[in-house]
Every structure is written in structure tokens, then in C-alpha cells.
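Visitor: Chains as they are written, first to last, in UniProt numbering: chain R, 1 to 488; chain X, 1 to 266; chain W, 1 to 192.
Worth flagging that the hints you see were computed from the coordinates, not collected in a lab. The hints are all genuine.
With a straight-line Cα cutoff of 27 Å, these simulated DSS-like cross-link-like pairs (lysine-lysine) come out:
#, chain 1, residue 1, chain 2, residue 2
1, R, K314, X, K172
2, R, K312, X, K172
3, R, K362, W, K173
4, R, K111, R, K130
5, X, K188, R, K362
Residues per chain are reported as follows:
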Amino acid sequence: MTSIASMTNMRLKFPGVESLLFKDFSISLNKGEKVLILGPSGSGKSTLLQVLTGLIPNTVDVPMKAEELVIPDSWGFLFQDPDSQFCMPYVDEEIAFVLENLQIPREKMEKYIEYYLQQVGLDIDEIHTKIQMLSGGMKQRLAIASVLALEPEVLFLDEPTAMLDPEGTKRVWDTIKDVGEDKTVVIVEHKIEQIVDFIDRVILLGENGEIIADGSKQEVFDQYKQVLIDQGIWYPNVWEDYVEGKRRDIPKIEINEEKSSIHLSHFSGYRGKEKTINVKQADAHPGEWITVLGENGAGKSTLLLALMNLIKTKGTYYVLEQSHKKIKNIADYVTFVFQNPEFQFITNSVYEEVAFSLQLEKWGEEEISKRVNELLRVYHLEDHQQNHPYQLSIGQKRRLSVAASIVKEQSVLLLDEPTFGQDAKNTFAILEQLEQLRAEGTTIIMVTHDLNIVKHFATTVWKINNGELTKESSSSDYTEHQIQPAFS
Amino acid sequence: MQIDFSYNETWLHKINPSLKLIIIVLLFIHLLTIHNINFLINYLIGTLILYVFCTGHPWKRLLIISAPFILIFLTSSTSMIFFGKGEITWVKWGLVHITEESFFRGLHLGFRGIIFATLGVIFALTTRPVFLFYSLMQQLKLKPKYAYSFMAAIRLIPLMLEEAQTLHYALKVRGVQSEKGVRGFYKKLKSYSIPLLSQSIRRAYRIAVAMEAKRFSNTVNRTYFYRLGFSKFDVIFLFYLMIVISSSYFTAISYPYFPIMDVRYN
Amino acid sequence: MGKGLKLTDILVTIIIALIFGMIYKLWGPLYGVVSTFGLQLEQLIYGMWFIAAIVAYLIIRKPGVALLAEVAAAQGEFIFGGEWGVATLIFGIGQGLAAELIFAAFRYKRFDMFVASLAGVASAFASIGIDYYYGYIGDLALWNLLIMFGARMIGAILISGIFAYLIVQALEKTGVTNLVRPASKEDYKALG
Ligand SMILES: Nc1ncnc2c1ncn2[C@@H]1O[C@H](COP(=O)(O)OP(=O)(O)OP(=O)(O)O)[C@@H](O)[C@H]1O
Ligand SMILES: Nc1ncnc2c1ncn2[C@@H]1O[C@H](COP(=O)(O)OP(=O)(O)OP(=O)(O)O)[C@@H](O)[C@H]1O
Ligand SMILES: [Mg+2]
Ligand SMILES: [Mg+2]
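Throw the hints in and build the complete structure from the sequences for me.
Guide: See below:
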């Protein structure tokens with residue numbers, strides 16, 4: 001086997017952070033391997049990929065050194081956020097940008113562009129389409145196409161499907177499996193159901209950026225199961241084990257049907273002039289956990305924005321039996337976790353971010369500090385208190401946004417995909433805390449693509465189709481009728 | 001944020017962008033040497049014809065865009081009209097001293113401002129930034145590093161506007177109530193501008209990294225997806241301008257609106 | 001790190017410039033409204049048009065950034081259909097060069113409020129120089145010209161000096177500036 005990328009005794013440290021992220025880290029990847037890098041959130045997976053490609057330190061100036069460092073000659077990098085990797089406004093121009101870099105003659109470009117688009121199954125009639133008009137899934141596929149245009153030997157993928165619905169996730173992975181067949185592929189991903197059959201080697205990072213297991217997939221998943229559980233990493237059947245361990249069933253009884261926390265009828269929300277979400281009739285009660293399901297672009301986020309009074313709405317909407325029009329500050333009753341956590345941060349440190357709402361409420365310093373520290377501990381953020389929110393890893397950002405929103409304990413909680421990009425441990429930590437709030441009478445309305453959450457935590461499902469709330473059912477009814485769950 | 005800016009492509013769109021830019025800069029310099037207000041008025045008519053009939057944008061949009069022209073006129077002219085030097089007094093009222101010379105000089109400045117504005121807007125309305133930067137790379141040897149940075153940055157702008165909106169939401173969600181008065185205004189300004197700036201810088205940085213990941217910097221001899229050359233439309237444009245300028249000049253000499261040949265004070 | 005601007009520096013400079021380019025564009029009508037009295041009071045807010053160069057330089061701290069930022073901001077204002085047309089480009093080059101010269105005079109080693117204000121004043125001088133040809137300002141009554149001159153200088157110090165400095169200070173707190181500034185020697189030493 002020939003090694004295609006390797007490093008020995010690599011050390012790396014972020015400026016302004018006390019400790020080293022990697023200390024004497026060594027790794028070697030072989031040609032043709034399909035490698036999955038697993039590890040708890042914040043363990044350094046994304047950073048490692050950047051070192052393996054030479055982006056650190058060539059482009060990103062982070063102090064690092066290594067005794068020996070071999071980076072592959074030709075590689076492609078698929079980033080997580082589709083919107084931060086395009087530099088041109090149109091689909092064809094974006095792929096052409098790569099072709100230009102490779103000095104492909106102009107006459108051949110059109111043919112190549114069509115070829116790569118076809119390869120990733122991005123069927124658009126007109127290749128000169130604005131990237132802005134594409135859905136998240138389509139954008140991610142375009143990103144793959146432009147990576148493929150590099151004709152890389154090695155593909156590096158950093159959670160490429162975190163923002164996608166189950167359908168989109170499946171299609172993107174199918175695409176990657178298809179085109180990655182004869183390449184070396186290095187994947188960082190938390191949710192592994194879709195790719196387990198594709199990979200052959202698993203590298204496990206520990207919380208302190210060290211390798212705690214490295215071997216074939218059978219070896220790691222069989223022999224290191226306890227380690228996986230201890231580190232709180234996803235592995236096949238983690239949900240079954242979790243449910244078994246908890247022996248919990250869905251406590252429907254606690255829903256207080258008499259009181260209404262949210263009542264909607266003939267309610268619609270607008271994006272500009274367009275009616276993007278419409279609800280004929282829907283109710284939510286204290287102690288109810290509603291999951292909102294639907295494809296990318298169906299209108300889930302719009303629904304939450306409308307409930308938060310952030311966009312123009314029409315129709316009847318009662319919050320805790322008061323009309324929403326009469327409520328001066330809806331944030332006193334309802335809180336909201338944005339889909340993109342970065343949008344939500346308004347202070348300069350992790351601690352401040354969680355303390356913010358409490359300071360507005362004029363809590364005492366000591367009480368604040370007690371409450372904040374407790375939350376930071378639950379969400380495994382205590383080591384990052386003084387960091388700026390933007391300096392966190394993806395999963396850490398997500399957790400911070402949840403912590404910052406629920407700190408005040410409003411009666412209604414709106415959450416837009418609060419568990420994406422999260423390791424198992426933290427997913428369960430978030431869910432359990434929400435469950436606790438729910439049991440105390442909070443109403444939870446949560447957008448998610450994860451049917452396991454529907455099955456094991458939710459009480460009710462709202463299904464959104466093309467901007468219309470089409471079905472309201474109890475979650476057990478919903479999961480039973482779901483013939484083939486996308487995640488199982 | 002989907003704003004539809006559809007338009008019909010006209011011959012102005014087909015002019016080589018670098019050439020168009022250079023010509024407009026030359027016109028600018030030439031305009032600075034015109035001191036005859038009659039000449040300038042004719043010139044203005046010539047550019048307005050281009051603006052109104054040849055940009056391919058709907059009338060309503062053109063009308064909206066040109067609304068600030070009036071302001072331009074006022075900004076450029078008022079101080080000169082009220083406080084400029086001159087001999088033939090029309091009005092004298094406190095500090096205000098309007099003279100015939102200052103009046104026409106002010107008027108001249110106002111018209112000139114409008115011509116600059118019109119030319120600039122014509123350029124903006126008929127040039128796709130992507131083509132402009134491709135052309136600048138090809139005709140004027142602008143370094144790709146700069147050109148692509150510009151194109152990427154322009155792509156970021158709509159995203160930024162969206163972010164501004166979300167930030168507005170975030171502040172509301174977190175229960176931030178706006179305060180009144182100057183302090184409140186300052187606070188508000190800060191709570192919007194700083195996160196927006198910092199978020200945009202981060203995003204720009206990420207895009208730069210993504211561009212490097214696509215081998216941008218290693219490239220020595222780029223090929224180009226768009227090839228921007230010259231065409232008959234460039235010639236037409238030059239021709240049009242020559243006709244406008246020369247006929248403006250001769251009619252100004254033969255049939256002046258005002259008996260003033262030089263608005264400068266001497 | 002080698003000399004010259006890296007792609008990340010350029011892209012970050014240009015995005016900063018374009019943001020201010022948009023502000024420049026909005027500033028035009030505002031300036032227009034204030035200035036219709038002819039008393040030159042509008043000059044107090046003229047300083048906004050020098051800010052891109054100074055903010056970008058204070059953030060990135062590298063040679064060439066100030067000029068690039070001011071030209072890019074002007075180019076942005078121009079592309080967005082700014083009311084002053086290509087005049088902005090000419091002013092942009094002049095103002096950017098002036099600010100750049102000040103930073104160069106301090107060998108790109110000082111990033112404080114004083115240098116920022118000085119750069120603002122230099123830009124103001126440059127703009128007045130261009131205005132001499134552009135706006136016949138030599139033909140204004142002397143007292144009016146002096147007010148214009150003074151107000152523009154004060155505005156330059158307040159907006160493009162002090163205000164710009166405060167913006168960058170606030171940005172530093174968000175940690176974003178670490179992205180574009182080279183890592184310190186201590187950090188490398190800490191690697192052992
Ligand atoms: N610019 C930075 N400055 C300081 N610390 C940083 C910076 N970027 C990342 N970190 C820290 O380095 C650690 C590793 O981050 P990284 O993004 O590599 O984690 P990750 O394993 O990819 O996590 P996730 O699964 O949540 O994406 C985290 O603890 C993070 O807070
Ligand atoms: N800011 C906006 N302005 C106008 N239209 C928008 C805006 N954001 C989203 N839309 C449109 O509204 C529709 C619903 O979008 P929404 O974000 O609610 O979908 P979603 O169900 O949350 O999708 P996802 O799973 O990708 O988050 C889409 O067709 C989208 O194009
Ligand atoms: Mg990561
Ligand atoms: Mg959404």
C-alpha cells in the first residue's frame with residue numbers, strides 16, 4: 001500500500017488558546033482508502049482536514065509544525081456550508097472558475113461543465129442559473145461538481161450534508177459514493193448511517209485531539225464500542241442502545257390538553273409578498289413536543305419565523321391565549337433557536353452569550369453565574385467560556401445557540417434543527433434537557449430531519465409540504481405509517 | 001432577497017467593458033475642461049438620450065434611479081450660487097450674495113454633476129460586473145487575484161443583506177428593546193454594524209480559503225471562460241460620442257442659450 | 001510570510017471596501033440633503049468617504065491595503081450606480097494614496113487613533129486638491145472656502161479617524177481580526 005498523505009509528530013495551537021489542539025499527532029493515509037474520521041464535537045476533525053490538505057498553514061495562518069508532512073498532490077475539499085464556498089454568481093461560472101484554474105481551453109469548458117453537472121445529478125435546464133436560486137441540496141451538489149472538476153485523487157469531505165433533508169442527504173452521499181469509487185476519500189461526519197457501507201477504515205479521535213482507535217471498520221465498531229459510547233460518538237445502532245439503556249417511553253399523559261399555548265387558524269406567513277407558509281388550523285399545548293418535518297425549502301423555518309412574529313403574518317395566532325398582536329414583546333413568552341447558529345450570536349464571548357438574556361432581566365450576578373455555568377457544563381462548553389462564539393467548532397456553536405435561547409425558560413420553545421452537526425453525547429444532552437423542560441410544561445416546536453427524535457422524543461408531528469401544513473398527527477402514528485424511514 | 005432586475009440587452013451592453021470604462025473616464029476629464037455652459041447643456045441632452053432610450057431598463061426604474069439627480073444638481077450648485085464670486089449682483093441678503101456669474105457657475109456645476117451621474121449610471125446599468133472584471137483582466141492586465149476577489153465579494157452582498165435581516169431578527173428574539181435618543185441610536189448602530197462587518201469578513205475569509213482549495217493561486221496562465229473582445233458596437237459608441245460632442249460644441253457656439261462663454265471668475 | 005497581499009487579504013479588504021462602498025452610495029443622498037443650504041455644513045460628514053481605507057488598514061495592517069480599499073470602495077460605489085459617477089474613482093485613488101502615504105511614513109508600524117486621524121486629514125487634503133479642479137472652489141467667497149476647508153478637516157478627524165478607530169477596536173473584540181493578522185512568534189514558540 002502506498003501512502004498518499006501523512007504526518008509525524010504534528011503540533012498545532014490556535015492563537016490565544018492556552019493548550020495545544022494537537023500534540024505529536026501522527027497519521028498516514030493510503031491510496032484508495034475510504035477513511036472515516038470520527039470524534040466528539042470539538043476534537044479537531046475539521047482542523048485536521050485542513051492540515052492534511054495544507055490549507056493550514058499555507059492559506060490559513062495557524063501555528064503548526066510537524067517533523068514530516070506529506071500532502072497529496074491533487075485533492076478536493078468539500079466544505080460544510082454551501083454558501084461559503086462559491087465565488088461566482090452563476091452555476092456555469094462557478095465550475096468554469098475551477099476549469100480556468102486548471103487551464104482547460106475555453107472551447108472545452110462548456111462540455112466539461114455539463115459533464116460534471118450530470119455526474120452529480122444536478123439536472124437544471126439552463127446551466128447559466130443563479131446559484132442563489134438553488135436549494136441547499138442543489139448547492140451542495142454543485143459544490144461537489146466543482147470539486148470533481150479538479151479531478152482530485154483524494155477527496156476531503158467535512159460534514160457535507162449537515163444542512164440537508166433526508167432525501168437530499170441520501171442523494172448527495174449516493175453521488176459521492178459513485179464518483180469516489182476509485183479515489184481516496186476522507187470523510188468527517190457525525191451521522192454515519194448513510195456511509196457505513198462505503199468506508200473501510202475508521203480513525204477515532206479523542207477529546208484531546210489524540211487518536212484512540214484506528215483500524216478497519218469492523219475492528220473499530222466491534223472492539224471499541226465502549227470507547228465510542230464513552231466518547232459519545234455516533235455508531236450504528238446507537239439509538240437502540242440509548243433507548244434500551246434508558247428504558248423510557250413517551251409520556252403522552254403529561255400533555256395538558258385543556259390549556260392552549262399556541263393556537264393557529266387560517267394563519268399564514270409571508271416572505272416579501274409571497275405567502276410561504278399557510279396553516280389552516282393547528283394547536284399546541286403545554287407539555288407537547290412537536291416536530292416539524294418537511295423537505296428543504298418546504299417552509300419550516302418560515303413557520304417558526306412567523307410564530308416568532310418576525311415576518312409579516314395574517315390570520316389568527318394566539319400565544320398563551322392572548323392574541324399575538326396584543327403582545328408587546330413576544331420574546332417574553334417564546335424563544336427561538338435559529339437554523340444557522342452564527343446568526344444568533346450578539347455578544348463577544350461564550351459566557352456573555354448565555355448570560356445576555358438574564359442580564360436583560362436584571363438577575364443578580366451570582367444567580368447568573370450559577371445558571372450560566374450549569375448550562376455550559378451540560379453542553380460541554382465550560383472550557384470555552386472566554387472564546388468568541390465564532391471561534392467554536394460547528395457543533396459547539398450549535399450547542400451555544402441552544403443554551404443561550406433556553407436559559408430564560410420561556411413557555412414556548414421554537415427550535416430550528418438544534419441537533420445538526422452534533423455528536424451522540426451532545427445530541428442526547430440537548431434532547432434530555434428539552435425533555436426535562438417539556439415535562440415541566442414547556443411547549444416545544446422543533447424542526448428536524450431526524451426521525452429517531454420523532455420516534456423517541458416527540459409527541460406530535462406537523463408535516464409541511466410546499467408551504468402548507470398538511471398533516472398533524474401523533475408521533476407514534478406517524479412513525480408507524482412511515483414505511484421506510486430515511487434514518488433507521 | 002430576490003430582487004428582479006431584468007432588462008433587455010441593448011448595444012450598450014455589448015460594448016467592451018474596459019473600453020467603456022476608459023471612455024467614461026476620458027469623458028470625465030474632458031468635461032472638466034468645458035467651461036461653456038451652453039456646450040454643457042447640449043452635452044447633457046446627448047447623454048440623457050442614451051440614458052432614456054438605450055439602457056434597456058424599464059422606464060419606471062430609470063425614473064426612480066434618476067430621482068437623486070435633482071439632489072446632485074442642488075448639492076453641486078447651491079454653495080456656488082449663493083456664495084460664489086461675481087460682479088453683477090442680483091440678490092444680496094446677509095451672507096448670501098447671488099451674482100450673475102455665481103449663478104451661472106453654479107448652474108454649470110449642477111449640470112455637470114448630472115452628466116457625471118448619468119454617465120456613471122449608464123455604465124452601471126449596462127455592465128455586468130463579471131464581464132467588467134474579465135475584461136479588465138484580459139484587456140488591462142488586472143491581476144486575477146484582484147478581479148476574482150471583486151467578483152466573489154460582489155456575490156457576497158446579497159448574502160450580507162440577508163444577514164442584516166437575520167441579525168435584526170436575532171436582536172428581537174433576544175428581547176433587545178431599542179432605546180431612544182442619541183445613545184440608543186449609537187447602541188443600535190453598533191449592534192448592527194459590528195456583527196455584520198465581522199461576519200462578512202469571516203465569510204470572505206472562508207471563501208478565499210475555498211478558492212485556494214480550488215487551486216486558484218497556483219495558476220500561472222489562466223484560460224478564460226468568457227473572452228471579451230471588441231466589436232462593431234465599440235465603434236458605434238465612439239461614433240455616437242463624437243457626434244454628440246462636436247454637434248454640442250457647434251450648436252453652442254452658433255445658437256447659445258445664454259451669452260456666457262466661460263463660467264470661471266477672472 | 002512573504003511580501004505582498006495574499007488572496008485572503010485582498011478578498012477581506014475588498015469586502016470591507018464594498019460594505020463601505022454601499023455606505024458611500026447611501027451617503028450621497030444624505031450629503032445632498034444636508035448640503036442644499038450651501039453653508040458647507042455638509043462638509044462635516046464628508047469624512048465618511050475616507051473611512052474604507054483607514055478601517056481596512058487598521059484591520060489588516062499591511063502595505064497597499066489602504067489604497068486598495070479606497071479604490072475598491074469607490075469602484076463599488078460606481079458599480080452600484082453612485083450619483084457621482086466616475087468622479088468617485090478619481091477621488092478614491094487620490095484619497096487612498098494620501099492615506100497610504102501616511103501609513104507608509106510610519107513604516108506601517110503604527111495603528112493608533114493619531115495615525116488614523118492623520119490619514120483622514122491627508123485624504124481630506126487630497127479630496128480638496130481634486131475639488132479645486134472639479135468644483136471651481138477657488139471661485140467661492142473666501143470665508144465660505146475656509147469653512148469648507150475647516151469643516152472637512154474636522155469631519156475627517158471625527159469620522160475617518162476616531163470613528164474608524166473605534167469600529168476596529170470593537171471588531172478586535174470579536175476576534176475576527178486574528179484571522180487576517182499573522183500569528184505571533186509566541187504562539188509558534190508555544191509549539192515547543
Ligand atoms: N480560530 C480558532 N480560535 C480558537 N479556537 C478554535 C478556533 N477554531 C477552532 N477552535 C477550537 O479548536 C477545537 C477544534 O475545532 P474543530 O472545528 O476542528 O472541531 P471538530 O472536531 O470539527 O468539531 P465539530 O464536530 O463540532 O465540527 C474546538 O475546541 C474549537 O473551539
Ligand atoms: N429571505 C427570504 N426571502 C424570500 N424568500 C425566502 C427567504 N428565505 C426563504 N425563502 C423561500 O421560502 C421558502 C421556504 O423556505 P424555508 O427556509 O422556510 O424552508 P425550510 O423548510 O426551512 O428549508 P430547509 O430545510 O432548507 O431549512 C423557500 O421556497 C425559499 O426559497
Ligand atoms: Mg467540524
Ligand atoms: Mg429551514
